[in-house]
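From just these sequences and the hints, can you work out the full model?
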Amino acid sequence: MQSRSSRPTIGLALGSGSARGLAHIGVIRAIEELDIKVDVVAGTSIGALIGAVYASGHLDTLEEAFRSLDWKKMGSLFDPVFPRSGVIDGRRIAEFVRTHVHVQSIEQLPIPFCAVATDITSGEEVMIRNGDLIEAVRASISVPGIFTPVRHDSSILADGGLVDPVPVSAARALGAEVVIAVDLNHGIVKGKALRRKGYQGQKPAKTLARLGGKSYAWAAARIGEGLRNSDNPAVTWFRAWLDKDSLPGLVEVLLASLYIMQAQITESRLHIEKPDVLIRPPLSSVHLLEFDRAEEMITIGYRSALGPIQDLARRLRRLAHGT
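Yeah, the sequence shown ends on 351 if you go by the numbering used here, and it's all consecutive.
Bear in mind the hints are in silico, worked out from the structure with no lab data behind them.
For each residue, glycine too, the CB sits at the ideal point set by N, CA and C.
Each hint should be verified, as a subset may be incorrect.
Here are the simulated distance ranges between beta carbons [stated by the list, open to error]:
| # | residue 1 | residue 2 | range |
| --- | --- | --- | --- |
| 1 | ASP63 | THR149 | 23 to 29 Å |
| 2 | ASP339 | ARG157 | 36 to 42 Å |
| 3 | GLY350 | ARG126 | 29 to 35 Å |
| 4 | GLU205 | GLU92 | 30 to 36 Å |
| 5 | LEU282 | GLU123 | 22 to 28 Å |
This is the structure in structure tokens:
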């Protein structure tokens, strides 16, 4: 183990990416395997969730929970609300996080931590470095239009990925001299390009399965069965209207817009705020809510991180020996 006095302060910047964020667990496993001690952690969106649990010292139980998560268990984490500012409240996810962190405030974490959110009243980036940990994580993961935003003091906070998808600057603000950054948005636009008429003729289950796993497929199958079997004139007209429409659907447009925005912002910010180690797991095939692919994504994260982290370990050894 390297002594703290002989090495720089190591910071971990975990980026946004919804279900793709499970790759963060694999990255952390590679870091631990190579005996590199992380001194500070910053996270955006799903990176804030994973980062908070890691900073609390309970990543093992979170990993176990995600590895056993199927679409039915995943559905129990969502609490739909009347869609005023979002369709999911996020309280059940907050409780899920609370069962794994075992602390109330950010200041109680063994590793200094920062969650990045966006103040949607001003457009400013907000680095939450103290106060209620669960509230900070819930604010950071509040994807616009999907999760309801969070009131924090005089601000209304939403997903940090709107302004800083890979929080390198937040890690440096915590004192990091060497930053390991994980970008989950590289290549996602190309991997999820919209296709006109691409879903015509497909059953609803297959269409929505492309957007996020078995839970979508199950719901779509139920809806599709009702539509196909109904003799109601209004439903018949609606089926005909859907068949004629060559444009992508609302959910597809929303997600594609989010992917494009985050990919562009990520490239711009990383060009200005260069991390010392950049890890980009190839996750373009993973959709918004495919948490049931945990094992696959953890493995991808681990394999993607192993080479860059080995290089960092060698650099740190040379630095410790003054060479």
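Right, here's what the structure says about each hint:
1. Our hint of 23 to 29 Å for ASP63 and THR149 is violated, since their Cβ atoms are close to 44 Å apart.
2. Take ASP339 and ARG157: their Cβ atoms lie about 30 Å apart, and the range 36 to 42 Å is violated.
3. Take GLY350 and ARG126: their Cβ atoms lie about 45 Å apart, and the range 29 to 35 Å is violated.
4. A C-beta distance of roughly 33 Å is found between GLU205 and GLU92, which places it inside the suggested range of 30 to 36 Å.
5. Between LEU282 and GLU123 the CB atoms are about 26 Å apart, so this pair conforms to the stated range of 22 to 28 Å.
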